[in-house]
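Turn these sequences into a full structure, and let the hints steer you where they fit.
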Amino acid sequence: MNVPDDLLYTESHEWIKREGGKVRVGITDHAQSELTDVVYVELPKMDRQANAKEAIAVVESVKAASDIYAPVKGTVVEVNKALEADPGLINREPFGQGWIFVLKIDNADDLKNLKDAAAYKQQIG
Amino acid sequence: MRASEIFPLLLGPGEDEGEEWKSSQRFESFSRGLRHMLPSLVWRVTEAAQKKTPLYDEHVRRGAKMVPFAGWLMPVQYTSIVEEHQAVRKNVGMFDISHMGQLIVDGSDSRSWLNTMLTNNIDKLKVGQGQYTFLLNERGGIIDDLIAYRISDKKFLLVVNASRTDEDFEWLDGHRANNVRLGDRSAHFGGVAIQGPRVTELFVNLPARNHIVDLELDGMPISMARTGYTGEDGVEVFFRKSDAVKFWNLVLEKGKDLGIKPCGLGARDTLRLEMCYPLNGSDLSPERNPIEAGLGFFVDFTKLNFIGRDVLLKTKENGSREKLVPFKMNDKGPPPRPHYSVFENGERIGEVTSGTLSPSLNWGVGMAYITAPHAKIGARIDIEIRGQKFPATIEKKPLYKKS
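So the sequence lines, in the order shown, correspond to chains S and P.
Residue numbering for the first sequence follows the working numbering, starting at 1 and increasing by one per position.
Residue numbering for the second sequence follows the working numbering, starting at 126 and increasing by one per position.
Wrong hints could be hidden among the right ones.
As the list claims (entries may be wrong) - Calculated cross-link-like contacts (lysine to any residue; reagent style SDA-like; alpha-carbon spacing at most 20 Å):
| id | chain 1 | residue 1 | chain 2 | residue 2 |
| --- | --- | --- | --- | --- |
| 1 | P | Lys428 | P | Thr440 |
| 2 | S | Lys112 | S | Gly21 |
| 3 | P | Lys457 | S | Lys104 |
| 4 | P | Lys457 | S | Gly88 |
| 5 | P | Lys457 | S | Lys17 |
| 6 | P | Lys457 | S | Glu84 |
| 7 | P | Lys453 | S | Gly125 |
| 8 | S | Lys104 | S | Val79 |
| 9 | P | Lys457 | S | Ala85 |
| 10 | P | Lys514 | S | Glu42 |
| 11 | P | Lys457 | S | Leu43 |
| 12 | S | Lys45 | P | Gln513 |
| 13 | P | Lys428 | P | Thr241 |
| 14 | P | Lys249 | P | Lys279 |
| 15 | P | Lys527 | P | Thr440 |
| 16 | S | Lys45 | P | Glu509 |
| 17 | S | Lys81 | P | Lys457 |
| 18 | S | Lys81 | P | Asp456 |
| 19 | S | Lys45 | P | Phe515 |
| 20 | S | Lys17 | S | Lys115 |
| 21 | P | Lys514 | S | Lys53 |
| 22 | P | Lys279 | P | Thr325 |
| 23 | P | Lys457 | S | Ala82 |
| 24 | P | Lys501 | P | Glu447 |
| 25 | P | Lys457 | S | Gly21 |
| 26 | S | Lys53 | P | Arg511 |
| 27 | S | Lys45 | P | Gly458 |
| 28 | P | Lys514 | S | Tyr40 |
| 29 | P | Lys514 | S | Val58 |
| 30 | P | Lys251 | P | Thr352 |
| 31 | P | Lys453 | S | Tyr40 |
| 32 | P | Lys381 | P | Glu442 |
| 33 | P | Lys457 | S | Pro4 |
None of these hints come from the bench; they were simulated from the model.
Laid out in structure tokens, this is it:
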């Protein structure tokens, strides 16, 4: 299973890519392979403020609707509109074109609470 | 075929009238709809106290995702629900149904007694033939939906839902007449459903629709029924537990060129929902009767005495308060799910019991109980999804028709 070394991770299977004062967020390869067949993505509203671990998006597979959480406190500044037309991007390119939203983060120190690739690899076994 | 030749497998070798019939020892089972199977992004499987079918190791070896279902650890999917669904619609797919229960009813009064316990008419069955039927409580509520096969003049096989096997047995045993014997054979057998249009290329001499026959395949005694839960041609096959792995792998090998795929419960659910076949625990429950569920066809009111008849007759005459209806979303959007509320002009008129994205239609579909005056084909309804209303239309059964 692909777990890129340059990303951070949450226990709930989001990946986080730091881009200056912002973070790009998606779900991991492991998560998409468990879900398979993503058929619908409910994106967060632009400018929405969220606390860490607050559910702000929904990814639906054929079988289940799964909440996607804000990994840290921040404000939604970008959402991936391409997922509305092609939710399968999450399956095909979970770490690339399948990103879900970008948060402007309140405090960079919050990122210290996230897992590195080694810790996430250990979690998913 | 002589009557005595039918179904020696489930009767068991050397099993005769003198054998003492006992209910098999079971772990505590509990009812769980498919909707409870995937509580979070990644399935958390608690292996403790879950039973394993004789095919469990094969599922794991082939990389299936295992989830608890009705007290059993079952494969929900191997590769993808959509791929497995399409394999069944276009070619052929195989499901493990070893978790389902097999009850045997025998004895000189078995026929007349079963007719008081089940809604459909056992007398219509010739030896080797089966019928879909209901086991009801005194209130007409559905304990289980099942297939009853007549396997000899006075011997019947009931194939019941995994989650209800113990309950069915206890209910039947509690109402048992004097000259009737009841046995639970579930622990002795494995079973698979092989479904899809190319099943006819896999086997020769298939039994007629809804019939069951005994065959031998590569030295294995099997019982094969022309039944299923997918809307496609297909068979359900029962075999000795010890033959399960051999049978499973033999069929996958023989079916390779036909594009056969091992399939999980996920595809089983989307396939049955496209056909509007009910799932007990989701669309059926002890609080719902077959008339409300739109399944009155399987209730024979010409029988003057069966449990639940009075209540059902009243429902039929006065109309039910709610009805189970299939629906299709009007627009592309989030798929409907069980327990979502149904509205019409802002008034709450019911609740979704089954819902998914139909892989055949690539569209959101479902079934819902809604108040009878609103349950009209073509009526526009709204499904509430995370606080927002999405329009849908009540459809005719089935939701998917082969073109």
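Hints and how they fare:
Restraint check for P/Lys428 and P/Thr440: satisfied, since their Cα atoms lie roughly 17 Å apart, inside the 20 Å limit. Simply put, S/Lys112 and S/Gly21 have alpha-carbon atoms about 14 Å apart, close enough for the 20 Å limit, and the pair holds. Note on P/Lys457 and S/Lys104: the hinted pairing is violated, with a Cα-Cα distance of about 31 Å set against a maximum of 20 Å. Straight-line distance between C-alpha atoms of P/Lys457 and S/Gly88 comes to about 15 Å, which keeps the hinted pair within the 20 Å bound.
Proximity of P/Lys457 to S/Lys17 is assessed by CA-CA distance (about 31 Å); at most 20 Å being required, the pair is judged violated. The suggested pairing of P/Lys457 with S/Glu84 holds, with an alpha-carbon distance near 10 Å, which does not exceed 20 Å. Between P/Lys453 and S/Gly125, the direct Cα distance comes to roughly 40 Å. Violation of the 20 Å bound is thereby established for this hinted pair. A threshold of 20 Å between alpha carbons decides the hint, and for S/Lys104 with S/Val79 the separation of about 12 Å falls inside it, so the pair holds.
Restraint check for P/Lys457 and S/Ala85: the C-alpha separation of about 10 Å stays at or below 20 Å, so the hint holds. Restraint check: the Cα-Cα separation between P/Lys514 and S/Glu42 comes to about 14 Å, which is no more than 20 Å; the hinted pair holds. Between P/Lys457 and S/Leu43, the direct Cα distance comes to roughly 15 Å. Compliance with the 20 Å bound is thereby established for this hinted pair. As the CA atoms of S/Lys45 and P/Gln513 are separated by approximately 14 Å, the hinted pair is consistent with the 20 Å bound.
About 8 Å separates the Cα atoms of P/Lys428 and P/Thr241, which keeps this hinted pair within 20 Å; it holds. Between the alpha carbons of P/Lys249 and P/Lys279 the distance comes to roughly 13 Å, so the proposed pair stays at or under 20 Å and holds. At roughly 33 Å between alpha-carbon atoms, P/Lys527 and P/Thr440 are farther apart than 20 Å, so this suggested pair is violated. For the hint linking S/Lys45 to P/Glu509, the alpha-carbon distance of about 19 Å falls within 20 Å, and the restraint holds.
A C-alpha spacing of about 15 Å is found between S/Lys81 and P/Lys457, which places the hinted pair at or below 20 Å, so the restraint holds. For the hint linking S/Lys81 to P/Asp456, the alpha-carbon distance of about 18 Å falls within 20 Å, and the restraint holds. Of the pairs offered as hints, the one joining S/Lys45 and P/Phe515 holds, with about 18 Å between alpha carbons and a cut-off of 20 Å not exceeded. For the hint linking S/Lys17 to S/Lys115, the alpha-carbon distance of about 12 Å falls within 20 Å, and the restraint holds.
Taking the CA atoms of P/Lys514 and S/Lys53, the gap is about 26 Å. The hint is violated against a cut of 20 Å. Pair hint P/Lys279 plus P/Thr325 does not hold up; C-alpha atoms about 31 Å apart against a cutoff of 20 Å. The hinted pair formed by P/Lys457 and S/Ala82 meets the criterion: a straight-line CA distance of about 15 Å does not exceed 20 Å. Proposed proximity of P/Lys501 and P/Glu447 is supported: the alpha carbons are some 12 Å apart, at most 20 Å.
Annotation: proposed proximity of P/Lys457 to S/Gly21 is violated, straight-line Cα distance about 36 Å (limit 20 Å). Restraint check for S/Lys53 and P/Arg511: satisfied, since their Cα atoms lie roughly 18 Å apart, inside the 20 Å limit. With a C-alpha separation of about 16 Å, the suggested pairing of S/Lys45 with P/Gly458 holds against the 20 Å cut-off. Between P/Lys514 and S/Tyr40 the CA atoms are separated by roughly 16 Å; this keeps the pair inside 20 Å, and the hint holds.
Between P/Lys514 and S/Val58 the alpha-carbon distance is near 16 Å, which keeps this suggested pair within the 20 Å criterion. Restraint check: the Cα-Cα separation between P/Lys251 and P/Thr352 comes to about 16 Å, which is no more than 20 Å; the hinted pair holds. A C-alpha spacing of about 16 Å is found between P/Lys453 and S/Tyr40, which places the hinted pair at or below 20 Å, so the restraint holds. Restraint check for P/Lys381 and P/Glu442: not satisfied, since their Cα atoms lie roughly 52 Å apart, outside the 20 Å limit.
A distance of roughly 34 Å separates the Cα atoms of P/Lys457 and S/Pro4; the hinted pair therefore is violated under the 20 Å criterion.
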